Structures are given as C-alpha cells and as structure tokens.
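Chains as they are written, first to last, in my numbering: chain A, 1 to 234; chain B, 235 to 783.
No wet-lab data here; the hints were simulated from the structure.
Be aware that one or more of the hints could be misleading.
To be verified - One-sided excerpt, in silico: chain B residues whose CB lies under 7 Å from chain A:
hint, residue
1, D341
2, L444
3, P447
4, T452
5, G473
6, P475
7, V476
Since the model is a prediction, treat every value here as computed from it, not as a measurement.
A virtual CB, placed ideally from N, CA and C, is assigned to each residue, including glycine.
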Amino acid sequence: MAHAAHGDEFEVLKFQYEDMDQQNDSYIVGMWCFLVTEIMFFGMLFLTYSFYRMNYQNDWFKAHEQLDWKLGGINTANLLFSSFLMATAVRQAQLKDRMGVLLRLGGVLVCAFVFLGIKYIEYSGKYEHHLFPGPGFAPEVSHFHGANLNHVQLFFGLYFAMTGLHGVHVLVGILVIGALAMMWVKGKKIVTEDYIPTELVGLYWHFVDIVWIFLYPLFYLMPNPSGPNSGGSH
Amino acid sequence: MEHFHTNPELNYLTNGHSLRSWLLTEDHKRIAMLYLMSVTFFFFIGGLAAAGVRYELMSPAGNMMESETYNKLFTAHGTVMVFLFLLVAIPAVLGNFLLPLMIGARDLAFPRLNLLSWYLYMAAGTCITLAMLGGGADTGWTFYTPYSSMYSNSNVSLTLLGVFLGGFSSITTGMNFVVTTHKMRAPGMTWFRLPLFVWGHYATGVIMLLGTPVVAITLLCVIFERTFQLPIYSPELGGDPVLFQHMFWFYSHPAVYIMILPAFGVISEIMTAFSRKRVFGYHMIAFSSLAIAFLGFLVWGHHMFVSSQSMYQSVIFSLITFLLAVPSAIKVWNWTATMYKGNVVLSGPMIYGIGFQGLFLVGGLTGPFLASYGNDVHLSATYFVVAHFHYVMVGGSIMGFLAGLHFWWPKMTGRLYNDTIAKWNAMLVFVGFNLTFFPQFIVGWMGMPRRYHYYYFAPEFTPYHILSTMGSSILGIGFAVPAFYLIHSLFKGEKAGDNPWNAHGLEWNTSSPPPTENFRYKVIVTDDVYDYDPVAEHENDMLAAGGKA
C-alpha cells in the first residue's frame, strides 16, 4: 500500500483489521462462505426434485408441458446478459470508471425487473389455470393426458417453491445492487476507491444466475421419458 | 498502533454503561455476555420442561397429565434445549469471547454480523417461547412429517419459524469463525500453533456452514406445506415423508458435533493447562476434529435403520458410523495420555473436565450399540437411545460448557470464585447425571419406549424411573449452584489477575477482563502452543538416561 493512500484507507478500514488487504481478503472469504451456504440451501431442493422426478418421470413430463419454455428461455437469456453486464461492471470498478459502472449496474437492474415481470406473467397464468397447489388446485384433466394429478401437484409444489425461492433471491439482488448503485452515485470512497464491494455484489448476482441456469432445463426442458430420443425406459 | 485509541484504564465491561452501549455493541466479548445471559435463561426453561417429563414418569399409570400435555412438554424440552441451548452455548458464549483473543485478533472478522446473530437468536427464542405460551407444539423436536406438516393442530409453524431463525443465527456465527480463523490470525500464529479450542471451533464453523442451510430449507418447506398446502412431503400426493427424515438428519446428525466439537476444544485446553504438560498428540487432536466434521455428514442414515431405507444403505451407514468412533477415541485417548505423568492439578474446571471425559466415554461407547444395524432394530426409539444421546450431548456439551465457563470465568469477569465449592459441585453434577441417565440404559434395554408418558403394561420399569427422577433433582441442584457462586464472585470474589491458572495461550497474556481492543500491544506470536516445558524436559531426560518411562 502506498503511504499516501493511508489517509483514505483509514476512513474505510474497520477497527478489527490491520490493513485493507486483510479486510478485503476477509470479505472475499466471507462471501464465498455465504455462497456455500446458499448452495446447500438450494441443494436440498434440487435433491428433492431429482428424487421425485426419478419416481414419477411420466407424470412430471406431462406436468412440465404446462410451462412455457419460450418465456423461460427469454428469461435465461436475460439473466445471462445481466451477468455479463455485472462482470463488466466489476471491470469498470477496477478502472474507477464511475459512469461506466453506473450504466452497467442500471442495465443489470433493468434485466432483474424484466425477469420478475416475466415471472409474474408466468405465475399469474398458472394461477388462472388453477395450477397453484393446495385447496385451489383444480387443473383441466384433459391437459395432462391421464397423468396422476397428485404427482402433477407435487411437480407444481416444487416448481413454485424453487422458482419462488429463486425469485426472492432476485428481489434481494435488486435491493443489494440498488444500494451499491446508490453508493456509486454518491461517490462513497468505500466503492470508488476499492472494487471489492462491487465484486462481492457481482458474485452474488452470478450465483442467482447460476441457480436459474439449473432451474430452467430441469423444469422447462424435460425430455419425454417414453419418447424415441430420450434414452429413458419405453 | 494508531488504532489503539481507547482509554487504557477501561476494559470491555466498563467501557460504556448504558443499555444502548450493550444492545448495539459490536464487541465480541459483550456479545458473548449477552449470549451467556440468554442461553442461561433458555436453559432454565428447558430444564423446567424436563422436570415435568420426569415427574410424570415417576408412576407407571401416567395419570398426572394428559398425553397431549406430555407431548408438548417433551417437545418444548427438546426444542429449547437443542436449538436454544446445546447448539449455541459453547460456540456463542465461549467461542465468541475467546476465539479472537486466542489468535491475537482485535475482534471477529464481522462484528456487526455477530451482533445480528444474537438478535436472530433472540428472535428465535421469542418465537419458540410464544409458541409454547400459545399452547405449544406436540411433534417432538424432530418435526417428522406428515404429522408436523398435515395433522398436528398445535403451534408447529411458529416453533419451526423459531428454529429457522436460530439456524440463520448459527450460520452467521459459523461464517464468522471460519473467516476469522483463516484471515485474522496474528503474525506468527500459524495453523499448527492454533490452540485446539480454535481447531474445534473451526470444525464446528464448517459444519454450521454446510449443514444448517439444509435443515433451514427443509423446515421452511414444512411451514409451506402447513400454511399454503404447497406439497413437498405429503404422502397423500405421492410425496415421501422419509425424504424429510433424510434432509433433517443430514443436518441434525452433524449438529451433534456442533454441540460436542467445541466442548472437545474446551477439554483439550483444560487438560493441558491442569496437567502442566504439552497436550499429547496435538496434530492428531486437531485432525480428528476435522475428521469428525467430515464423517459426521456421512452417517445420517443410521437414524433411519427402521424406516423404508434399503438394507444395503443401512449396512453402509452402519459401517461409516462405526468409523466415527476412531477420531472420538483418539481424543479421549490423547487427553488421558496428556494427564499421564503430568502434574495434575485437581481444580474446579479440571474436575468438570474429567467428569466430561467420564460421561463422554459412556456416551461414546454406547454409540456402536446403536450403530449396529441389527442391534438398533431392538433398541430404536427406546430409552436406550434417550440415555445415549443425553450422555453424549448433555454430558458432553453441558459438562464442557461448565468446565470452560469455570476455566475462563476469571478472564471474562476478572474475579475468582470459590474453587472448593466448584469442585464439590462438579462431583455432584457427575453423580446426579449418572443417576439420571444410567437407569435409562437399563430400562431402555428392557424395552421402555421413548415418548410414552405411562408404562402400566410393565410396572417393573418403575424403580428405574424413580431413580432417574431422583437423579434429575440432584442434577437440577448441581446446575443451579454454579449460578449462585459465580454471581457471588462478581461482587465478592478476589481479583483474578491476568493468569490465575498459570496457563499458556494468548488470552492469558492480556488483562482480566480484557480491554475493548483485546490487547494493548501488537501481538506477534513467537512460541509454540502449550509450551509447558518443565515436565516435558524432565520426561525427555528420563528417556535419554534410559530410565523407565
């Protein structure tokens, strides 16, 4: 650390750390620890998903046809693009390009809102067709080609639990990215002098993106277990 | 050095007296004290519920209370003790207080997160207490579905919310420990100079990070299923309740090690300090902590030997469960070897520590009984299991907590308590504990099922239950007495000085109680951990001279 920078450093350096390197290292290790807990958090749901899908392949295939793979696909592209923007925002933060960072963070926020908007359209569609599990679950039997409706309900139970939890993470992401953007707007030294806070928010956002990358094919792009190209049982 | 700007006359207790300065503190030592008061309170509540359970079992007829009341009592006892006491006591009180001191740091890596973890803990406690006041839950602390998710008419959701919040409190504590151990060590404090207390808490932190999120989401799903009828486990729809058990025990078996690994750390410190001797097999104790943390995640299936799990699964889980005995035995063996030929000082903390070893030994040796697949079919859900996990979790965790609290009390408060009373009380707890739980092994072997509030079908169980209830009264006294002499010491106790036990470790180099910034100088570690040289050298001389060891 250059000695001249010490005055600035002191402003953002917390009492318990020796220097900025130690502080930043701790933040990064802390963030990865947090992401590990998130992986375990979602992991349990993915395990539940694979267990039921293994048991009810045909019923779940028929249930999944109610999901719109095009809307999901748009959202996938949308999130991938936002992740790209976020990665470049971190780069601009390293270059201390304030406007560059703000533009890209703004782009990420727009993508996040678009994602939630599309999710809203999908959710309300399911709700109108009485596909939300629970007492109101009353789907058109003909849509499911003789599938066991109980298993269909189980499918939608997990669909709403997993995409809902992911949606909550997007919402939290909007808040965190919004707070970060505000700090850039105000020119707070903690973000302008040091790219680590921006990078940490970026890591979170990439995580949210990755979870969706798994959710999309698992829910929207199921192969037909009895179809010719599936490799499944006939 | 420019950071050391507080008044040198002040320590963490005198630096600010307002309620605000306590409730908004980011000082790990104050947060530890907040935790100490809260866990003591919840321990009292859990103990009351236990007393109710034991009282009911005095007679075989079971006519002192309704079945439903009894179910709510043992649920309250289990939930409060596990989630609000055992999982929290040592890491959040002693770990919070000592971990930064032991590695020469000024605080944990994330002090504000640490304060948040206490508030989450209090929110958890509030939810669980409110649920109890509103009628209680009757599912048992394991919340097995579908009873908990579809049929029980009690306050399950609020209790689960409490457990969920408690989980987050645990995650933030674990994160703090892991990051602090990695990044906050003073210059010269290498990994193999870390006190074993820190190794124990590091391993605990890893379990908290990997296990707790799984149970958090599992229980959240039960709340979803109860409130929104969002099916996840519901067998009516083809869901699998055993899946819940897998998820639940994937956390809850390793959670046993969250309760016991910190205690191992405490005991390692005490054994070496009061044997005046370098701990035997330092590396083995450190690695066995990590081994326990790792293996702990691979054994959950032994809770499901009598469920729908396949025989082959059970055999494998049985085998891995046996493996866990190895690192546990390494520890007990090494503590014994540490005492061997040491200048053993039988102080209060040491007697608590030796009591811990006795109880943990019984608990540990009864583990393989239950890990044996065939044997477990006979013992599953009997009082044998109850006795086993009380020996391990309560004998381990509470004895370890008491031992550690006595050992570091002079450091935390700057005062000495009456060591003679402490010694006698340690023995009283040991006797009371064995009288409470040993008869339960026998009555469990005879077939007494757990969670029954009557046994008129088998009046021959009565004497064992009466012995057990008598023991629990002694145990209750044994747990109450320290509160009196420890609080008395705060006002009338002698000044402790920096290092009343003449022990090694950075925490004994700073003043008692420690100043807000922990050390008044820059810490640089130059000597090895547990450098209790005189005895070791003497032994080496003996060996060199060809004397009989």
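Violated hints, by number in ascending order, as checked against the structure
6 and 7
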